[in-house]
Each structure stands twice: as C-alpha cells, then as structure tokens.
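Asks: In the order they appear, the protein sequences are chains A and B.
So the mapping is simple: this note's numbering equals the position in the first sequence, first residue as 1, plus 677.
So the mapping is simple: this note's numbering equals the position in the second sequence, first residue as 1, plus 677.
No lab work stands behind these hints, which were simulated from the structure alone.
Predicted model, so just to flag it, every value in this text is computed and none were measured.
Treat the hints loosely; a few may be bogus.
What the hints assert, rightly or not - Under the rule of at most 25 Å between Cα atoms (straight-line distance), these lysine-lysine pairs were calculated in the BS3-like manner:
1) A:Lys839 x A:Lys979
2) A:Lys979 x A:Lys836
3) B:Lys836 x B:Lys979
4) B:Lys727 x A:Lys724
5) A:Lys855 x A:Lys831
6) A:Lys724 x A:Lys831
7) A:Lys979 x A:Lys934
8) A:Lys724 x B:Lys726
9) A:Lys726 x B:Lys759
10) A:Lys855 x A:Lys841
11) B:Lys935 x B:Lys979
12) B:Lys939 x B:Lys836
13) B:Lys724 x A:Lys724
14) B:Lys935 x B:Lys728
15) A:Lys727 x B:Lys724
2 protein chains.
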Amino acid sequence: MTFEVTILGSTAAVPLYNRHPTAQFVQYENTCLLFDCAEATQIQILKYKKKASKIDHIFISHLHGDHYFGLLGLLSSLSLQKRTDILHIYAHAGLAEILTVTFRHSHMNFTYPLEFHEIVPETEQVLFENDQILVRAFPLRHRIACHGFVVEEKQRQRKLIKEKMLVDFTIPEILALKNGENVLREDGTVLSVEYFTQHFEPRRYAFCTDTVYTESILPYISHANLLYHEATFLDDMTDYALMTGHSTARQAAEIAKKAQVKRLILGHFSIRYLNLEPFLSEARPIFPETYLASEGLSFEIKPSVW
Amino acid sequence: MTFEVTILGSTAAVPLYNRHPTAQFVQYENTCLLFDCAEATQIQILKYKKKASKIDHIFISHLHGDHYFGLLGLLSSLSLQKRTDILHIYAHAGLAEILTVTFRHSHMNFTYPLEFHEIVPETEQVLFENDQILVRAFPLRHRIACHGFVVEEKQRQRKLIKEKMLVDFTIPEILALKNGENVLREDGTVLSVEYFTQHFEPRRYAFCTDTVYTESILPYISHANLLYHEATFLDDMTDYALMTGHSTARQAAEIAKKAQVKRLILGHFSIRYLNLEPFLSEARPIFPETYLASEGLSFEIKPSVW
Numbered sequence: 678m679t680f681e682v683t684i685l686g687s688t689a690a691v692p693l694y695n696r697h698p699t700a701q702f703v704q705y706e707n708t709c710l711l712f713d714c715a716e717a718t719q720i721q722i723l724k725y726k727k728k729a730s731k732i733d734h735i736f737i738s739h740l741h742g743d744h745y746f747g748l749l750g751l752l753s754s755l756s757l758q759k760r761t762d763i764l765h766i767y768a769h770a771g772l773a774e775i776l777t778v779t780f781r782h783s784h785m786n787f788t789y790p791l792e793f794h795e796i797v798p799e800t801e802q803v804l805f806e807n808d809q810i811l812v813r814a815f816p817l818r819h820r821i822a823c824h825g826f827v828v829e830e831k832q833r834q835r836k837l838i839k840e841k842m843l844v845d846f847t848i849p850e851i852l853a854l855k856n857g858e859n860v861l862r863e864d865g866t867v868l869s870v871e872y873f874t875q876h877f878e879p880r881r882y883a884f885c886t887d888t889v890y891t892e893s894i895l896p897y898i899s900h901a902n903l904l905y906h907e908a909t910f911l912d913d914m915t916d917y918a919l920m921t922g923h924s925t926a927r928q929a930a931e932i933a934k935k936a937q938v939k940r941l942i943l944g945h946f947s948i949r950y951l952n953l954e955p956f957l958s959e960a961r962p963i964f965p966e967t968y969l970a971s972e973g974l975s976f977e978i979k980p981s982v983w
Numbered sequence: 678m679t680f681e682v683t684i685l686g687s688t689a690a691v692p693l694y695n696r697h698p699t700a701q702f703v704q705y706e707n708t709c710l711l712f713d714c715a716e717a718t719q720i721q722i723l724k725y726k727k728k729a730s731k732i733d734h735i736f737i738s739h740l741h742g743d744h745y746f747g748l749l750g751l752l753s754s755l756s757l758q759k760r761t762d763i764l765h766i767y768a769h770a771g772l773a774e775i776l777t778v779t780f781r782h783s784h785m786n787f788t789y790p791l792e793f794h795e796i797v798p799e800t801e802q803v804l805f806e807n808d809q810i811l812v813r814a815f816p817l818r819h820r821i822a823c824h825g826f827v828v829e830e831k832q833r834q835r836k837l838i839k840e841k842m843l844v845d846f847t848i849p850e851i852l853a854l855k856n857g858e859n860v861l862r863e864d865g866t867v868l869s870v871e872y873f874t875q876h877f878e879p880r881r882y883a884f885c886t887d888t889v890y891t892e893s894i895l896p897y898i899s900h901a902n903l904l905y906h907e908a909t910f911l912d913d914m915t916d917y918a919l920m921t922g923h924s925t926a927r928q929a930a931e932i933a934k935k936a937q938v939k940r941l942i943l944g945h946f947s948i949r950y951l952n953l954e955p956f957l958s959e960a961r962p963i964f965p966e967t968y969l970a971s972e973g974l975s976f977e978i979k980p981s982v983w
C-alpha cells in the first residue's frame with residue numbers, strides 16, 4: 678500500500694526564488710488527496726507528473742490566499758478537461774461563498790459535481806473516510822480559523838507469512854489468523870497468530886500549517902510517521918512569529934520531539950530566507966530526523982511490520 | 678519614449694506545455710499597465726524580470742478565470758511587499774464583488790488603496806488618461822461581457838531637428854515651431870515647421886481577447902501599430918470557434934488586413950495545438966506581418982517620424 682506525500686509548494690505568502698506557496702499531493706494507494714492549493718498548483722502538478730484528474734478530495738487549511746488561490750484555476754481546468762467524477766472540497770464556510778460568487782460571474786457550467794464540506798472552526802472533525810484511511814481535521818492557532826489534517830491508515834488485517842504457511846490451512850483458519858485470532862485445531866495443536874502472521878502498524882501523516890507553537894495539537898499528531906509543520910521563521914524571530922501566527926524551525930522541532938513522530942518536514946518558509954540550510958541547523962539538534970520541504974520531493978511512508 | 682508589449686501568457690483556458698493563460702505587461706515610458714492577469718502572472722512577471730511594483734493600472738477583459746485568476750495573488754503579494762501607491766483596476770462589475778468577498782474572508786488589510794473602475798458592458802469608454810497616453814475599452818463579442826483595449830499615444834509636440842537649428846532661435850520661436858506653427862520673422866523670412874521639425878505619428882496598441890470574428894472592432898483598432906488578436910483555433914475549426922466565442926488564425930489575419938494595422942500578434946492558443954507553426958502558415962498569406970505570442974517575447978513599437 679503506497680503512502681506518499683509530494684511537496685508542490687514550500688514558501689510562505691509570495692512566490693519567489695522558484696518557490697511556490699503551499700500545496701501537497703498525498704497518495705494512499707489509489708486515493709489521491711490535495712492539501713492546500715496555492716496559486717499555480719495545477720502547474721506544479723503537471724511539472725511533477727502527478728495527475729490532477731485523480732484527485733477526489735481537496736482539503737484547504739484556511740482562507741489566506743497563499744493556501745487556496747490556485748483552487749479556482751484547478752477546478753476550472755478539471756471541467757474544461759471534461760471531468761465527470763464528483764470532487765469533494767473541505768474548507769471553512771467562506772470558501773463556498775467565494776466559489777459561488779466567482780463561478781456565477783464566469784457563467785461556468787461544471788462538467789462534474791462539486792461537493793462542499795464545511796470545516797467548523799475550533800472543532801475536531803473526521804472529514805473523509807473510506808475502508809483504508811480517514812482524514813481528520815483539528816484546530817490550529819493562527820490569525821484566522823485554521824485547521825491541520827491527519828491522514829490515518831486504518832488497522833489492516835494481519836498478513837500471513839508465506840514461508841511459514843502450512844499446506845493444509847483451511848479458509849476459516851486463514852481468516853481467523855488474519856483477524857488476529859489463534860486457532861485451536863481438533864488435534865489439540867495451536868496455530869499461533871504471532872508465528873504465522875505479521876502485524877501492520879497503522880501509518881499516519883500530519884499536516885500542520887499555519888500555526889503558532891501550540892501543544893494543543895499533540896493528541897492529533899502523536900507518534901505520526903511523518904509530520905509536516907510550518908516553520909516560517911528562524912529562532913531569532915520568535916516574537917514576530919507569534920505576532921503573525923507562525924512558528925520557527927526550533928518550535929517545529931520541539932513539537933516533533935514532544936509528539937514522538939518519526940520524521941519532520943519543515944516548510945512555509947518566509948521569503949526573507951533565500952538559503953534554507955539554517956532551518957535544518959536549528960531543528961536537527963532538537964529533532965534529528967528533520968527535512969526541508971523541497972518542491973517535487975516525495976516522502977514515502979513505508980509500512981512497518983512485526 | 679519606450680512603448681513595449683511583453684507577452685506573459687499565450688494559451689487559452691488551461692496552462693500546458695509551459696504555456697500560461699493570458700497576461701501582458703505594457704510599458705509606455707514610465708507608465709506600466711497589465712492587460713489581463715491569469716493564474717501565475719506574478720510568477721511570469723518575476724521570470725521575465727518585470728517589476729510588479731511598477732504596475733499602476735490593471736485591465737481585465739472579462740471574467741473567465743483564465744483572464745484574471747492571478748489577480749488575487751498579485752494584489753495580495755503587492756500588499757505583503759508593503760506597496761503604498763494607489764492601484765487601479767478596470768473590469769466588469771462582478772470582479773468588485775469577487776475581490777470584496779475573497780478579501781473579506783482572508784481578513785486582509787491592504788497596505789495600499791485599491792480603486793475599482795467599472796467597465797460597462799457593450800459600451801466604449803476611455804478608462805485611463807495621462808498627458809502621454811489614454812486607454813480606451815471597446816466591446817468584443819464573446820460568451821460573456823468582454824472588452825478589448827487600445828493604448829493610444831497622444832499627439833506629441835513636434836521635435837526640432839538639432840542639425841538644422843539656427844543659433845538665434847528665440848524661445849517663442851521654438852515653442853511656435855514645436856506647436857506646428859510656421860514663424861514669420863520681422864525681416865520677412867519664414868521659419869518653416871516642415872523644414873525645422875519632425876512630426877511624430879501617435880502610436881497605438883490594440884489588445885483583442887476573447888472574441889469571435891467581428892468587424893465592429895475595426896473603428897477602434899484601425900491603423901494600429903500593433904494588434905494582438907486572439908486565435909484560439911485554426912481554420913478547420915471555424916464553426917467551433919464561433920460556437921465558443923473565439924476566432925481562428927485566418928480570421929485574426931483578415932481583421933488585421935482590413936484594419937490596416939502594421940503588425941499582428943496571435944495568441945490564446947487552444948491546448949489542442951502543441952505545434953503553433955500552422956497558425957503562422959495560415960495567417961501570413963493574408964497578413965504577412967504576423968507573429969506568435971511567445972512568452973517572454975517583447976514587441977517594441979518604435980516612433981515613426983517624418
């Protein structure tokens with residue numbers, strides 16, 4: 678089961694130095710999600726050879742333009758390309774009004790149904806769920822209503838270890854083992870779940886932008902395999918970060934450490950920083966497994982089994 | 678007096694093949710204008726080393742997204758970059774509502790005043806005027822209200838030919854000659870305007886997108902030094918062009934010929950065309966001075982004097 682996050686944008690607010698504002702393409706097997714959709718996201722999708730047509734769910738963290746100004750163009754293009762599948766958008770209520778007003782004036786007839794799902798400020802919500810994953814929204818602390826998202830893999834059945842399988846396994850025995858149950862045979866022998874099967878640890882990806890340093894998010898991101906946390910500034914601008922509703926690289930690393938995640942991606946860099954190496958130098962002493970959100974870079978979350 | 682048109686976008690509807698939807702940066706001496714502002718225009722401005730901060734007037738032809746979806750990001754970025762000069766936007770009324778709703782939800786405080794000027798459908802209007810140029814809007818025929826724009830240089834004073842100037846020219850004589858008047862001296866000699874000065878032919882640039890073939894625009898674009906006319910399709914799609922409110926390369930060339938303009942730029946190419954050479958092959962037999970809107974390309978309109 679592929680689980681992969683591709684960075685389409687890495688900068689805060691203004692495009693510069695070939696960096697674009699926030700967007701991420703998240704793929705879980707055949708389910709493609711888009712997290713934020715800044716201006717030129719559709720162009721970034723083309724550039725990094727992802728397929729916009731495969732995206733069925735778009736999650737917008739908040740209504741600052743650098744997180745959704747590319748949505749209007751993407752939605753238009755999908756219609757011009759004759760999409761027919763339903764497309765789900767998850768965002769704060771204002772976006773519905775913006776889309777309605779915008780497309781009313783263009784007299785655009787969509788070729789596909791667009792379903793808007795409201796994210797209610799200050800609440801935790803499960804936004805989307807299928808038989809493999811769910812996407813949960815949780816409140817961040819920013820200047821306007823803002824949510825983080827976490828993609829949670831559901832508990833999968835245990836996997837039989839091929840090399841150990843006995844030729845006389847019956848179907849009911851296989852199903853029981855996959856469901857995590859030991860099997861007691863009539864002859865008194867026991868087929869041990871621990872011996873014959875592997876356990877999959879459910880994987881999680883958490884996306885946190887834009888936010889001040891806040892430990893209120895720890896319950897949602899705890900032990901995530903991968904955490905994206907904004908780091909708009911460096912440590913010497915901690916006060917300014919707080920004032921503008923943002924975090925520093927040090928703060929992102931501290932959150933990652935406290936949440937005991939496996940890996941951390943930093944992004945949403947202020948355009949005052951041309952060189953991004955100091956973000957790593959600041960974060961890695963606190964949280965060594967820190968990486969920069971470089972555009973086009975994919976982070977794969979591999980299954981962990983035991 | 679520099680008069681130059683730089684192509685920032687050349688494609689119709691959807692960005693593809695590294696082509697972007699419509700935007701043009703027009704510079705007349707120190708006055709910078711933007712005609713249409715599709716998604717990623719602010720990125721194209723950076724790429725082609727123009728200065729967004731120098732733009733004081735933005736003209737939007739109509740409210741299809743591929744002509745203005747980059748405006749929201751550009752306006753935001755100018756504010757984040759602390760612009761203080763007033764910025765004028767000229768567009769159909771719906772855009773004011775779109776901007777109001779969008780920026781209300783982002784709680785954005787602009788650092789500069791934004792002045793909206795409504796273009797009234799189906800009318801001719803002078804939108805902007807300074808002591809050097811004026812910009813006139815005139816109706817096009819498209820699926821929704823749509824205007825073309827023409828930048829008209831005002832009649833300049835005649836220019837004295839340095840090599841011919843007499844050492845005893847008085848200031849009143851110089852002013853009279855510049856104003857096109859012959860000067861009768863007390864000794865009976867005449868200082869001839871035709872001999873001592875050059876005449877500047879006022880220059881004009883006309884921008885026509887999106888529109889069907891219509892001769893109703895001829896009075897506005899007649900004898901323009903440079904005409905941009907959309908050519909979304911080739912001749913074999915004439916019926917489809919009419920149905921969708923667009924033109925073919927042949928039709929654009931015919932308009933250029935009838936209007937007796939000096940040069941024609943074709944643009945707004947449908948994404949069905951990867952190779953654009955057929956647009957030239959179709960137009961040049963009718964109007965030889967035809968060029969393609971290639972992104973980054975600048976067309977200079979040089980003064981014609983006699």
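Asks: Each hint should be assessed against the structure and marked as holding or not.
Replies: Evaluated hints:
Our distance criterion of 25 Å between C-alpha atoms is met by Lys839 (chain A) and Lys979 (chain A), whose separation comes to about 20 Å. At most 25 Å may separate the alpha-carbon atoms for a hinted pair to count; Lys979 (chain A) and Lys836 (chain A) meet this at roughly 15 Å. About 15 Å separates the Cα atoms of Lys836 (chain B) and Lys979 (chain B), which keeps this hinted pair within 25 Å; it holds. Among the hinted pairs, Lys727 (chain B) with Lys724 (chain A) is consistent with the structure: their alpha-carbon atoms are about 24 Å apart, no more than 25 Å.
For the given pair, Lys855 (chain A) sits about 15 Å from Lys831 (chain A) by alpha-carbon distance, which is consistent with the 25 Å threshold. The suggested pairing of Lys724 (chain A) with Lys831 (chain A) is violated, with an alpha-carbon distance near 32 Å, which exceeds 25 Å. Between Lys979 (chain A) and Lys934 (chain A) the alpha-carbon distance is near 20 Å, which keeps this suggested pair within the 25 Å criterion. Using a Cα cut-off of 25 Å, the hinted pair Lys724 (chain A) and Lys726 (chain B) holds, with the two alpha carbons roughly 22 Å apart.
A distance of roughly 36 Å separates the Cα atoms of Lys726 (chain A) and Lys759 (chain B); the hinted pair therefore is violated under the 25 Å criterion. Pair hint Lys855 (chain A) plus Lys841 (chain A) holds up; C-alpha atoms about 14 Å apart against a cutoff of 25 Å. About 22 Å separates the Cα atoms of Lys935 (chain B) and Lys979 (chain B), which keeps this hinted pair within 25 Å; it holds. Distance restraint check for Lys939 (chain B) and Lys836 (chain B): the Cα-Cα separation of roughly 23 Å lies within the 25 Å cut-off, and the hinted pair is therefore satisfied.
Restraint check for Lys724 (chain B) and Lys724 (chain A): the C-alpha separation of about 16 Å stays at or below 25 Å, so the hint holds. Annotation: proposed proximity of Lys935 (chain B) to Lys728 (chain B) is violated, straight-line Cα distance about 36 Å (limit 25 Å). Restraint check: the Cα-Cα separation between Lys727 (chain A) and Lys724 (chain B) comes to about 24 Å, which is no more than 25 Å; the hinted pair holds.
Checked against the numbered hints given earlier, this structure breaks hints 6, 9 and 14; the rest are met.
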